[in-house]
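Here the protein sequences come in this chain order: H and Y.
As numbered in my numbering, residues 3 to 82 make up the first sequence, in order.
As numbered in my numbering, residues 108 to 318 make up the second sequence, in order.
Keep in mind that the hints are not guaranteed to be accurate.
[Said to hold, decoys possible] Listed below are several chain Y residues computed to face chain H (Cβ distance under 8 Å; list not exhaustive):
(1) ILE172
(2) LEU180
(3) THR252
(4) LYS256
(5) GLY257
(6) VAL258
(7) ALA259
To be clear, the hints were calculated from the coordinates, so they are not data collected in a lab.
For each residue, glycine too, the CB sits at the ideal point set by N, CA and C.
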Amino acid sequence: MNTAPQDYAHDLDTRGLSCPLPILKIKKVISRAEAGEVVRMISSDLGSPKDMEAFCKQTGNMLMSSQSDGGEHTFYVRKT
Amino acid sequence: MNEIKTSATTAQLPSIDENHLNALIDKRLDAVLESKLAEIDDNKTPSLAIISTKGTMDMAYPPFILASTAAALDWDVSVFFTFYGLELLKKKPNLQVSPLGNPSMPMKMPFGPDWLKGIEWNIPNAVMSNMPGFEAMATAMFKETTCAKGVASVEDLREASIEGGAKLYACQMTVDLFGHKQEDYIPEVEGWIGAGSFLPMSQKSDICLFI
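Using the sequences provided together with the hints, build the complete structure.
The following block contains the structure:
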């Protein structure tokens, strides 16, 4: 969970947006992505680490990495 | 060898007494039932049904936040808008927030320096109810705060719900009661229905909420 992949096909910056916008935005990006592609998302929403874990579990996508640095959270999700 | 053994057992079945056979079936059922049920559960699409009855700006958020998020999680979502909740389906919803009789609503400045924003203004009910335009002012400040904090607008969340496949139903009885026309509402309304249609629709939903 802690090794962040370098390559990603899509980048999503949701800093400044509150729940549930980060989830709604990444859902949109993922539905447009090809299977196997990686999406990187940055969020400042405090609840997003838990929300992203639940989102990936529910939608069957793979949360490859989730890192928090100060008030910023970075996620790498691979579309399955 | 195993195969021969199995077929031999099958051939002998008629001679096993009934109690013994039932015990064997029960044992087998106990072994597979749990995993089978879990498998069925895993493959089931969760469903959410919401009955939305309030037409104020603060109460417009919960149904649309939940509906849009559930849709993003690939759930089946249906929302039934009735009474004042119907306002949320209007082309141009007129949503206000009222601090009157709502003691938990924080009354803070959405702008200005931090010390000013931190002050909780304790305004007596008598002032709130007598001052013309107080609700309009509170609504404007509420909107300003949501915008500053990165919270989506009600219209954006409604759009996200629709885009995600949530089905929004309007209560036909309320439309008639309030003397509204179907043209006043967004064209994405899935159906103009009554309680008799929504109840069977929500009967099998995993979560049913009255908001």
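How the hints compare with the structure:
A distance limit of 8 Å between C-beta atoms decides the matter here; for ILE172(Y) the minimum to chain H is near 6 Å, and the interface restraint holds. The closest approach between the C-beta of LEU180(Y) and any C-beta of chain H is roughly 4 Å, which is under the 8 Å cut-off, so the hint is satisfied. The restraint placing THR252(Y) at the interface with chain H is violated, with a minimum CB-CB distance near 11 Å, outside the 8 Å limit. Hint status for LYS256(Y): holds, given a least beta-carbon distance of 6 Å to chain H, under 8 Å.
Taking 8 Å as the C-beta cut-off, the interface hint given for GLY257(Y) holds, the closest approach to chain H being about 4 Å. At about 5 Å, the closest approach between the beta carbon of VAL258(Y) and any beta carbon in chain H falls short of 8 Å, and the interface hint on this residue holds. Residue-level restraint check for ALA259(Y) holds (minimum Cβ-Cβ distance to chain H is 5 Å; threshold 8 Å).
Of the hints listed earlier, the one the structure fails to meet is number 3.
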